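Enquirer: Sequence:
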Amino acid sequence: MTHGNQGSSVLFRLLVVCLGVLLLASVLHAQSNRRPRYYDSLSFEKVYGDTIPAPPADLTVALEDKSLSELRLLRNGVFARHGYLFTNSQLRGYFNQFDWYQPVYWEEDYQIVLSDAEQRFIDRVLREEKERLADQYQNVHGLQLANPANMVNDYQFKHLSPALLDTLARQSFAIYPEPNRQMHHIYEENKYAGIPSFVTTDSYLHLLHIHYKDVLRNLEADEFIGLMQTLTGDLFQSCLERYTEPTATPALNQARAFNLLYTAVASALCGNETSIPANLQARFSAEYGKANAASGEGAVLLGDPNYQFEELTPRGHYVVELPPKPYPNAGSYRTNLYSQQVRLKENLAAYFKTVKWLNTAPIFIDDQVRLLAAVDLALTLKSDADLFDAYQKYVSTVNFFAGEADNLTILDLIELLDEMGITDAGSADLLAIRATLAERDPARIVAKSSIDAQQSHFNRPRLLFLPSYYSFDAHVLQNMINPNMGRSGDRPFPKGLDIFAAFGDSTATQILLNEYKEAENWSGYPEALASMRQKVSEEFDSTGSMYGLRLDLCRDLTVIADACPDFMRTNAWGRKSLNTALSGWTELKHEMVLYMKQPFGAESGEGGGPPPPVIPGYVEPHLAFWQGAANLISYQTELFDQNGVNRSRSAFTSNKLLEMAQRLEELSAAELAGKGLSDDDFRYITYIGSGMEQILSHGIGGASAANLEPLPLAIDVYAHQQLGQLIEGIGDANPIFVLVEINGLLYLTRGAVFSYYEFTSPTVLTDQQWRSQLSAGSVPERPVWMQPLLLDGTPPDSKPGYGLEAYRYSGYR
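Quick note, the sequence shown lines up with residues 314 to 1126 if you use my numbering.
Worth flagging that the hints you see were computed from the coordinates, not collected in a lab.
Note that the coordinates shown come from a computational prediction; the quantities given were computed from them, not determined experimentally.
Treat the hints with caution; some may be incorrect.
[As the list claims (entries may be wrong)] Simulated restraints, written as ranges between beta carbons of each label pair:
#1 Ala-482 <-> Glu-828: 22 to 28 Å
#2 Ala-643 <-> Asn-834: 55 to 61 Å
#3 Leu-1103 <-> Gly-957: 27 to 33 Å
#4 Gln-410 <-> Asp-992: 21 to 27 Å
Even for Gly, the Cβ is constructed at its ideal location relative to N, Cα and C.
Taking the hints into account, I'd like the entire structure generated from these sequences.
Expert: This is how it looks when you write it as structure tokens:
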């Protein structure tokens, strides 16, 4: 028994020793690539469970045939095997695909110790990387463009097509006509997919549009609608009283009948109850019927056979899309909210028709009775101090947004009557009044016709009750059509490109002359363009209104500074800039469709794991644009105060837009100066989509992201009596891929750009009609000059594992 027990004891001790040796060997093997203090800790077990050994790195691999991105992965693979937590999202995302990648993130002082062999390998790789970096750029037609072979994040994409790589080699960017409902969606997707963002001027221009549309609509809803209802209702009642008074002459009686009907149409359009004398009821019904229906041509009351009642069709932001009607048992909050939206829809539509009538329905001053009517209407308005103050406040506020009137108004007539000391229409010297008004007429945008009699009618002196505002772009459009319109080969419609060609943009000019061959369509085109350029250089002043400042900001986009990178000097980028500028102009016209004069022609989640990675990013380095945008917002605040505009409802978006413009200006300046961007800078760019969404949501009254108004819109910018409307449209946002240098390395980045359309339509279009056409696929082609920039196929998408939330912990990857 004793010997048996001793044998068992020896065997037991031997077994323990063997197990100890095996355990030690296992530990030593685990320590060959890991620091044991951390990899044997409870923290490691809690996060990963078991250690998964990494396959040994091949430190003898040939490097001569490796690309720059492959070399970086080989070099960083050594650190990955030692448990290094990469900050760069592309590197972390790449190594996240391997189960053995178990980075230590819970120890701030974690250090990696390389072996001599590993250090020699890394030094060898770095020498090869330095050689590749010497070929970072290639000469393309005299410009230094990024070499796609040196792209360092190519491995994060599922597929980079040969067509895309070829396009990047030729011009450094490509646009895919893939539809996206909102621009900020693309940036949000970048954040979750880990794709470096390219912050475009397009995306900021759209924010400006939403902001100013919101400012204007709030002002209209809070003040203008009620003011206009009071103004038209009270003025009609005053005209009704004057009409019932005895008059000295039949002419004055006719004049007061005209005023009664003129103001009755406005008052009824605005939603006021309007009682018309029986003898005038038929005339009122005929005119009001066409005005309210926004249909028909020729106004008997106005003596204008060319008056287009279609102009009174509500469009732009004056057409409100209603949310789904709440169920009968829905709560009071939802029911009240829906009722408010219904009232807003009705009020904005009525307001649009009313103002459009008052700033387009002419009172011809070469007609004795109508001039007398204008004088009597002016005296009627002036006699009511409260009414006149309301009128003046309205006009001065709209002036701030729109600029200078392009027609004589009742206010001009009131000022003249004061100068002449006239207080009674019956004793007014109409000849003197007519002559003086003609001298003061500011009209510069005059409709054109190839028919002498019709042109003579367009040239008739007139005044309007409200200003119809002048804009330099409308002036260009009006004068870039062939006066002999309608014949085959002539130019009955202008093009949006005419505006930027008049501003001096060489790309727009080249497209118009060499691709559209406008000089062949109309031999007088080059002379007309030269004339408009001269006019721009002598007269264009952007400082008079928010409209002018915004138009100038669009013009800035087509001017590329010397400091800009060479990819912005390519002809292709010039077209991209035009696409952006024209889209920004379209959104501006959309906002101001009610007030601006229309040119016209006739004829004929983080937490619970490692810190999120840093995704590199880039800002479109158009420094003049970002500076101009910041100055615009600052100047807007100053002008709001000067004009008594309530800023309380717009303060949030104004402040956020200013902060964003200033930060993007700083980042743009750093890029142009060759300074590296910090991790904080990259985080700002990464979260830019969230910042955009915040501004957009606040801009429509705090709506949820799901209920944001769609991006597409359409607006008419020129009318031809026989041929219809020239429509400028914006479709869905498109992704743009740009190969740019970020902190010394080339990354493929993704951003958002406008899709711009220009086409003719028999009638005006609302946004809702245009969006329906887009949804049905019934849309015209993009302009021919943009089509070469649009790449067919599916845009590249990131592989999983590269975004902010794609990191491993607690068994999750």
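Enquirer: With 22 to 28 Å as the target window, see if Ala-482 and Glu-828 comply at their CB atoms.
Expert: holds (24 Å)
Enquirer: Just to be sure I understand the hint, the distance between the Cβ atoms of Leu-1103 and Gly-957 should be within 27 to 33 Å; is that true here?
Expert: Since Leu-1103 and Gly-957 have Cβ atoms about 47 Å apart, the given range 27 to 33 Å is violated.
Enquirer: 55 to 61 Å was suggested as the range; check whether the CB atoms of Ala-643 and Asn-834 agree with it.
Expert: holds (58 Å)
Enquirer: Regarding Gln-410 and Asp-992, is the given constraint of 21 to 27 Å on their beta-carbon distance met?
Expert: holds (24 Å)
Of the numbered hints given earlier, the model fails hint 3 alone.
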